[in-house]
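Got chain P; can you put chains Z and L on it based on the hints?
First to last, the sequence lines map onto chains P, Z and L.
Using the numbering used here, read the first sequence as starting at 1 and increasing by one per residue.
Using the numbering used here, read the second sequence as starting at 218 and increasing by one per residue.
Using the numbering used here, read the third sequence as starting at 397 and increasing by one per residue.
Treat the hints with caution; some may be incorrect.
As the list claims (entries may be wrong) - Examples of chain L residues lying across from chain Z (beta carbon under 10 Å, computed):
# : residue
1 : A473
2 : S558
3 : I560
4 : D564
These aren't lab readings, by the way, just hints derived from the structure by calculation.
Ideal placement from N, C-alpha and C gives every residue a C-beta, glycine not left out.
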Amino acid sequence: MYGDLGIKLVQHAKRTQNLAHLPPYQTELVRAVTREVRDLNKDVDDLLEPFQGSFDPSEDQAIAYTLLVNHISMRRNKRCLLAYHRTRTDKLEELVWNGVDVVDLSGQQVRDAGASRGSTGVASGDGSTSSLSPQEEDYVRQYGDLLAAYKGQWTDIDLTGSLEPPRDLFIDVRVLKDAGEIQTEYGAITLTKNSQFYVRQGDVERLIAQGYLQKLS
Amino acid sequence: MSYYDVDAILTDAEKVPCRFELDVPYLGHLDNSSGLKAGTRLNLPLWLAEMFALASAGQDASPPLTLSLPPCLSEQVLAALKADPRAVPLRDQSAYFYGVAVRMLDLFDEKELSAILRNTFVVRAADVGLHARKAEETGLGGQGEEFLRGLDEWERRLFRRGHEGVKGAKEWTDNVKKS
Amino acid sequence: MDIDDILREVDPASHGISLETRDLQALTRLWVAERSAPELLNWPADGLFERVNSKIKSQIERIEDMTGDMDPKTNFALIVIQTELERYKFLVRSYLRTRIAKIDKHTLHYLSTETLRQRLSPTELAYATRHQALLHNHYLSSFLSSFPQRLQNLNDTAGNVSMIDAPDLDTAVFVRLLRDKDVFGRGTDVDTILPAANGDVLILRWSSAKGLVEDGDAELV
Numbered sequence: 001m002y003g004d005l006g007i008k009l010v011q012h013a014k015r016t017q018n019l020a021h022l023p024p025y026q027t028e029l030v031r032a033v034t035r036e037v038r039d040l041n042k043d044v045d046d047l048l049e050p051f052q053g054s055f056d057p058s059e060d061q062a063i064a065y066t067l068l069v070n071h072i073s074m075r076r077n078k079r080c081l082l083a084y085h086r087t088r089t090d091k092l093e094e095l096v097w098n099g100v101d102v103v104d105l106s107g108q109q110v111r112d113a114g115a116s117r118g119s120t121g122v123a124s125g126d127g128s129t130s131s132l133s134p135q136e137e138d139y140v141r142q143y144g145d146l147l148a149a150y151k152g153q154w155t156d157i158d159l160t161g162s163l164e165p166p167r168d169l170f171i172d173v174r175v176l177k178d179a180g181e182i183q184t185e186y187g188a189i190t191l192t193k194n195s196q197f198y199v200r201q202g203d204v205e206r207l208i209a210q211g212y213l214q215k216l217s
Numbered sequence: 218m219s220y221y222d223v224d225a226i227l228t229d230a231e232k233v234p235c236r237f238e239l240d241v242p243y244l245g246h247l248d249n250s251s252g253l254k255a256g257t258r259l260n261l262p263l264w265l266a267e268m269f270a271l272a273s274a275g276q277d278a279s280p281p282l283t284l285s286l287p288p289c290l291s292e293q294v295l296a297a298l299k300a301d302p303r304a305v306p307l308r309d310q311s312a313y314f315y316g317v318a319v320r321m322l323d324l325f326d327e328k329e330l331s332a333i334l335r336n337t338f339v340v341r342a343a344d345v346g347l348h349a350r351k352a353e354e355t356g357l358g359g360q361g362e363e364f365l366r367g368l369d370e371w372e373r374r375l376f377r378r379g380h381e382g383v384k385g386a387k388e389w390t391d392n393v394k395k396s
Numbered sequence: 397m398d399i400d401d402i403l404r405e406v407d408p409a410s411h412g413i414s415l416e417t418r419d420l421q422a423l424t425r426l427w428v429a430e431r432s433a434p435e436l437l438n439w440p441a442d443g444l445f446e447r448v449n450s451k452i453k454s455q456i457e458r459i460e461d462m463t464g465d466m467d468p469k470t471n472f473a474l475i476v477i478q479t480e481l482e483r484y485k486f487l488v489r490s491y492l493r494t495r496i497a498k499i500d501k502h503t504l505h506y507l508s509t510e511t512l513r514q515r516l517s518p519t520e521l522a523y524a525t526r527h528q529a530l531l532h533n534h535y536l537s538s539f540l541s542s543f544p545q546r547l548q549n550l551n552d553t554a555g556n557v558s559m560i561d562a563p564d565l566d567t568a569v570f571v572r573l574l575r576d577k578d579v580f581g582r583g584t585d586v587d588t589i590l591p592a593a594n595g596d597v598l599i600l601r602w603s604s605a606k607g608l609v610e611d612g613d614a615e616l617v
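So here's chain P without its partners, still in its complex pose (with noise of 0.2 Å):
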């Protein structure tokens, strides 16, 4: 019945919020409920074309009732898009604030999807595929520009930097994937694979959260 299609871009929102990652964008479930909107209102204007605009819904109840049921069903349907595409934007603007790039993103998301499906993974091996829509990928590019214009009023605070309250200024940290060579107050520092520094936790904040270092306690 309407809206049942619906339930299920819901049900994928609601396994998204529990997830880590992205999970692929339903293009042809949202295709679908978009669909069954076209279609109900066609059915409403169907059904008041012999009124001409004169529908008196306390003369005939059946219609009234049946255009009742369709324009609930498309508010319905437009309620669980929307909320189906609110949850995948919050998700990508959490990742924009975490620093993702969300080409790299994409493309490892797909990786992700086929290694955690097995050999069977339907995505791997195709770099074209990307678990974001077009769409999303334009949002998160715009988003992205967003938040930068809105960086840029407070440029020596690093918005996007650690919310844990500072503790020590210095900090040990270990090195888990090589990110070359960055710049401190205190000169350059090459940043090896398993290499151990003591670096001020300010100047190596985005690198954690990107994964390149861990902080050692």
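Here is chains Z and L on its own, set in the frame of chain P:
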């Protein structure tokens, strides 16, 4: 209630038994017939049933359908809850047990139902809190797992919050000890 | 000897200590309150953030000047200033992020009336407006544009659920009384009036606490 809230939307998808009071020939798709006849009984999702029950086309027309309480709020379930709220796995009745119940109480004036549900929530919430603390200290035993499996979504959220709270407090005290 | 004393010694030219201390206190208070309140609070109108910002900038410059100096005494002062700077930056960052999170959650609500819009800083207002436009565009290009025209809005309040989500003002908060007062609190079954003394900490609904906080009778903790 929030428009974008995924749990609210899923709660709204739970089905309620309805009885149509008039013929609606164009709505056959609701029960796969050629047209709905007065007297037809079918289960409709809350979002549709509620609007229907509240709507009436004319000034003094009666609503086109009547609602009854869903099976998760049946006499048997309520009797079991009255006997011992903790013994009923609410999730088997509905993952959105309290959500649905609250919506039904908006439509029905049922004082006794409201009292039973309130007692159920309070008694079970205490247990949820207990388990949240135990889960942090000793891990979950077999019995605890069984109880947690039967939690509805509200209670699950309560459990998660409780668990995070206990964990946060533990981390904090550990930190204070260290420094 | 606390950090301010050290700073005074490090920077004999600074006379604004008391104002700066007041600013730091104000910033800390704002930060605590913003993190506790379920809705967005007013952006301070007295230029606090302009002062905080220029203070941070001057500290960064000072650190840069001092970095070349190898004198151990300067080096110690340098670490003190850097530590203080990190704390300052953290306060501002955490405060701004808390606000952005609230604005993102209920963007349309905060944009819906002039009074609500005035709670935002000009930068926040620009961010919120643009963010909402991006979202609407994204929905339109993903599915909404093929909907019938009358269903394309995102601010429909008809139907049984308003599309404009608003924060729940009945969320519980903790407040500390700043003077003796009879506190009125709304409850589920009964309302109460509780005589409370200066320094008492109470838990009550934000809707009941809001007036006390705005009048300076209590502060959020």
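Which numbered hints fail: 1
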